[in-house]
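K.L.:
Take the given structure of chain A and dock chain B to it, following the hints.
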Amino acid sequence: MGDLLVNIKNLNITFKTFAGEISPVRDVSFQLQKGEILGIVGESGSGKSITASALMGLLPKGKTIITANTFEVMGENCLGDTEEQWKSIRGRKVAMIFQDPMTALNPILSIETQIREVLDLAKGKSSYEEVVALLRQVGIANPESRAKQYPHELSGGMRQRVIIAMALAGEADLLLADEPTTALDITTEAQILKLLQKLCKERHMGMIFISHNLRVVAQLCDRVMVMYSGKKVEAASVFTIFQNPQHPYTKALLASIPDGKGKGELVAIEGQPPDLNQLPTGCVFYPRCNTAMQVCANQEPPMIDVEVSTGNSQIRCWLPIKGGVL
Amino acid sequence: MSTKIWETKGIKKAFDIKTKWYGGVKQAQVLQGIDLCQVAGETLGIVGESGCGKSTFGRVLMGLYPPTAGEIFLHGSLVKSDNDIKKLRKHIQMVFQDPYASLNPRMTVREILEEPLLIQGISNKKERKERVVDTLEQVGLSSMYGERYPHEFSGGQRQRVGIGRALITNPECIICDEPISALDVSIQVQIVSLLERLQADKGVSYVFISHDLNMVRYLSHRIAVMYLGQIVEVGDVQEIYKNPKHPYTQSLLNLNKKIEPKAPIGNILQGEVPNLLELPTGCLFASRCPEVTEACYSERPYLQGNDIQQVACFKHI
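Chains A and B are the protein sequences, given in the same order.
FYI, in my numbering the residues of the first sequence are 1 to 326.
FYI, in my numbering the residues of the second sequence are 1001 to 1317.
This is chain A alone, in the form it adopts within the complex:
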């Protein structure tokens, strides 16, 4: 499979906890092509970050059970890989950008040392010049002196740039960005987004962009997967998701954003996401869904394809199957 960076089918992730086993990700399938940006949208606890961590082999071994029918990263089956095998993938083939640029860097090492560490791992050698070149690529002014500085001397946006530089150091083809701009101001956010967009285009990288900021996802992504309580509930092109949403959760999510809406037009989704220990039988969203039917409470809806004017949409919902009839 030449251009398929990620191919995941029926991924289940289960954690062993003191209170028993919980499964924050259940039956999730998705693919990512080269040069494509896939957005994963969902509330906290919906399993989006855990899915990304699984692609980097970052979930704690021994406490996690990962099963999948297909689990291919860069065309290779990675299910059951050992720590050693993951080390050859991390940084070199897959790189990750984390949410909080304040804690993702080591405070007692200089920027140069930290970037050289990645270079050493990836290529076995590194130089100050390479570090400076990388910093310049991510738009840091005065890279020569910045390289000698420590994380606390940089602003939040600058630190996030350093982390992006580290992600680029190994020349990975796949970038996992887990809420990379959530901790940043709107003006800094725009800078980082432009940078990510540019790098993806120039290097023909694939990116999985995790966020709960729908405006940013709409601007950046080609395809979007909406997750709710560990399930993929809708996946479609960015145009379908935002102009023609099909799943009641996606619709409710868009209705709950004050995107230029007038007074009284904002509609809240009542209730809370379900507890992973006490998942509802049937559809995960049915307790909060305003179009729920009897069947939703009893039976889990299958994943189906719906044809809409803006392209195909995959949704997990009974509504189109049962035609909206109770």
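Treat each hint with caution, since some may be false.
Below, simulated DSS-like cross-link-like pairs (lysine-lysine); rule was C-alpha separation at most 25 Å, straight line [stated by the list, open to error]: (1) A:K261 - B:K1262; (2) B:K1009 - B:K1245; (3) B:K1245 - B:K1258; (4) A:K198 - A:K34; (5) B:K1262 - A:K198; (6) B:K1004 - B:K1087; (7) A:K194 - A:K34; (8) B:K1086 - B:K1129; (9) B:K1004 - B:K1080; (10) B:K1202 - B:K1004; (11) A:K201 - B:K1257; (12) B:K1242 - A:K263; (13) B:K1018 - A:K148; (14) B:K1257 - A:K251; (15) A:K251 - B:K1262; (16) B:K1129 - B:K1090; (17) A:K261 - B:K1257; (18) A:K261 - B:K1242; (19) A:K261 - B:K1202; (20) B:K1202 - B:K1126.
No lab work stands behind these hints, which were simulated from the structure alone.
P.N.:
The following block gives chain B in isolation, referenced to the frame of chain A:
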């Protein structure tokens, strides 16, 4: 003209920053003289990037930080003594950003809600109990939750407790310092709807401090845009969103367009933000302003305009 609940005149706040370990102290000028007021029943939105002083202003207004200079008026009379501040807090209350950190984990919800009443000197136990039950109901929590501890609640429920604590003294104004930014999208709207309902029922005013420009537009009647401790534009929310005059407001709104697939990312502000320890004498925004002129570097512009919209920019003076 409705009455002003509070008014501030020339509020300045500076924090001492130790620049050298052997005693070099510099002052970070966080607020550069804030003139604002609020009329009854209105929501005043304060927006700006982190570090612009919007939370500091909220805290000064609550009497949590003493201002370095300037005056606060409550119902037209100057707030000067500690006693005045205590009186002020009966009328102005606050909801904090982090619902996990702003509730004492060792107090039950009933104790948390009762505390402001005790401080305000309401000694009748029965009355306090009634008001706690009433308030829980108003914020959408069951009265049996009173004996539970904060850790037993979700983020949204905790924020409801925080709102209840602010509401229980029947204040005229509640300062909401980023009350929803720590919550999930679907829970955010629940809290916003609650704030809206309370305003409709009780006529309470809000100071809504946030960086979510869309939410501020939705909730507010008037907004103040802050940059580095100065209000650069203030006025009617619809007017400002339709016709922003200050280049900073313009660039913020430009970045915050409507949700649209594949919409281009707005133009980015170039230039560095000035250091709070060494602020320039001219316009604070000059270093990043796309329309900067010679005059902007030598003199600082102050708010000018009419009741509907005021802007601190030489372009409009």
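K.L.:
Return the numbers of the hints above that this structure violates; sort them in rising order.
P.N.:
none
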